[in-house]
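Enquirer: Each chain, letter by letter, is given below.
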Amino acid sequence: RKEVEQDPGPFNVPEGATVAFNCTYSNSASQSFFWYRQDCRKEPKLLMSVYSSGNEDGRFTAQLNRASQYISLLIRDSKLSDSATYLCVVNMRGYSTLTFGKGTMLLVSP
Amino acid sequence: EPEVTQTPSHQVTQMGQEVILRCVPISNHLYFYWYRQILGQKVEFLVSFYNNEISEKSEIFDDQFSVERPDGSNFTLKIRSTKLEDSAMYFCATGAGGSDTQYFGPGTRLTVL
Chain S
21 RKEVEQDPGP FNVPEGATVA FNCTYSNSAS QSFFWYRQDC RKEPKLLMSV
71 YSSGNEDGRF TAQLNRASQY ISLLIRDSKL SDSATYLCVV NMRGYSTLTF
121 GKGTMLLVSP
Chain H
865 EPEVTQTPSH QVTQMGQEVI LRCVPISNHL YFYWYRQILG QKVEFLVSFY
915 NNEISEKSEI FDDQFSVERP DGSNFTLKIR STKLEDSAMY FCATGAGGSD
965 TQYFGPGTRL TVL
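As you go down the protein sequences, you meet chains S and H in turn.
Taking the working numbering as reference, the numbering of the first sequence is continuous, increasing by one, and the terminal residue is 130.
Taking the working numbering as reference, the numbering of the second sequence is continuous, increasing by one, and the terminal residue is 977.
This is chain S alone, in the form it adopts within the complex (with noise of 0.2 angstroms):
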């Protein structure tokens, strides 16, 4: 079974658009729980982190479901630079490794 699954894409919006990524993993273990952005050949960066209660930063929220191990990320607004792969990314209690999904495409069109 996949650690971390997430569905591929693309997913194709317009600008304006309000779109919604899911991802599932499989370790109850899992502690701590993160979207990061991942443009073409380039680094992932930490869009943010996801706590339980559930968080936003501006145009994104994020929310965690422990119980059926499940993690969303909203994007509300959708900008043309919004278009990137965007990757959960959980890590396991008492290890500080990262595990990656394989993330999940956006691109946003004019």
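It is possible that part of the hints are untrue.
Calculated from the model, a selection of chain S residues having no Cβ within reach of chain H, i.e. all distances over 12 angstroms [as the list claims (entries may be wrong)]:
1) A37
2) E63
3) R86
4) A87
Under the rule of at most 30 angstroms between Cα atoms (straight-line distance), these lysine-lysine pairs were calculated in the DSS-like manner [said to hold, decoys possible]:
5) K942(H) / K65(S)
6) K99(S) / K65(S)
7) K65(S) / K921(H)
8) K906(H) / K65(S)
9) K947(H) / K99(S)
10) K947(H) / K65(S)
11) K942(H) / K122(S)
12) K947(H) / K906(H)
13) K921(H) / K99(S)
14) K99(S) / K906(H)
15) K99(S) / K122(S)
Here's a subset of chain H near chain S, in silico, CB distances under 10 angstroms, partners left out [to be verified]:
16) P872
17) V911
18) F929
19) G961
20) F968
21) G969
To be clear, the hints were calculated from the coordinates, so they are not data collected in a lab.
We put the beta carbon where it would ideally sit given N, CA and C, even for glycine.
We have chain S; now place chain H onto it with these hints.
Expert: For chain H alone, kept in the frame of chain S given last:
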């Protein structure tokens, strides 16, 4: 804003040759990592390093790989005898604490011919 730097940005080598990839961590960070990403695939953990020793490593990190921090600043990944399948982007990441955010360098693209 402080950032992780990596050199070289691109390394081309012949199969069987040794390569050394270099990383300069953010100055107050104590935890260092190497990840790799084969083209079109997910980012994979290789090794973590803390207090001058390996703390965790993955199945990928076999005897051909080694890491060290020779001068207290650079953090290096050595591949002793490269294989074609070692071709990938290699990312260094650093963190202030074990469970803290990891910041990634821009990567070294390794091409093994």
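Enquirer: Hints first: check each against the structure and report whether it holds.
Expert: The hints, checked one at a time:
1. Non-interface call for A37(S) relative to chain H: holds, since the shortest CB-CB distance, roughly 26 angstroms, exceeds 12 angstroms.
2. With a closest Cβ-Cβ approach of about 4 angstroms to chain H, E63(S) is found to fall inside the 12 angstroms limit, against its non-interface label.
3. At roughly 17 angstroms from the closest C-beta of chain H, the C-beta of R86(S) stays outside 12 angstroms, upholding its exclusion from the interface.
4. Even its closest Cβ contact with chain H, about 22 angstroms, leaves A87(S) beyond 12 angstroms, as expected for a residue assigned away from the interface.
5. Note on K942(H) and K65(S): the hinted pairing holds, with a Cα-Cα distance of about 25 angstroms set against a maximum of 30 angstroms.
6. The hinted pair formed by K99(S) and K65(S) meets the criterion: a straight-line CA distance of about 18 angstroms does not exceed 30 angstroms.
7. The hinted pair formed by K65(S) and K921(H) meets the criterion: a straight-line CA distance of about 22 angstroms does not exceed 30 angstroms.
8. Pair hint K906(H) plus K65(S) holds up; C-alpha atoms about 14 angstroms apart against a cutoff of 30 angstroms.
9. Annotation: proposed proximity of K947(H) to K99(S) is violated, straight-line Cα distance about 41 angstroms (limit 30 angstroms).
10. Pair hint K947(H) plus K65(S) holds up; C-alpha atoms about 29 angstroms apart against a cutoff of 30 angstroms.
11. Among the hinted pairs, K942(H) with K122(S) is consistent with the structure: their alpha-carbon atoms are about 26 angstroms apart, no more than 30 angstroms.
12. A hinted pair counts as satisfied when its Cα atoms are at most 30 angstroms apart, and K947(H) with K906(H) qualifies at roughly 19 angstroms.
13. Restraint check for K921(H) and K99(S): the C-alpha separation of about 39 angstroms exceeds 30 angstroms, so the hint is violated.
14. With a C-alpha separation of about 25 angstroms, the suggested pairing of K99(S) with K906(H) holds against the 30 angstroms cut-off.
15. With a C-alpha separation of about 23 angstroms, the suggested pairing of K99(S) with K122(S) holds against the 30 angstroms cut-off.
16. With a least beta-carbon distance of about 15 angstroms to chain S, the hint placing P872(H) at the interface is violated under the 10 angstroms criterion.
17. For V911(H), the suggested interface contact is upheld, since its CB lies about 9 angstroms from the closest CB of chain S, less than 10 angstroms.
18. Interface restraint check for F929(H): the shortest CB-CB distance to chain S comes to about 15 angstroms, outside 10 angstroms, so the restraint is violated.
19. Against a cut-off of 10 angstroms between C-beta atoms, the interface hint on G961(H) holds, since the closest Cβ of chain S lies about 8 angstroms away.
20. A least Cβ separation of about 4 angstroms between F968(H) and chain S falls short of the 10 angstroms threshold, and the interface hint therefore holds.
21. Checking G969(H) against chain S by beta carbon gives a least distance of about 6 angstroms; that is within 10 angstroms, so the hint holds.
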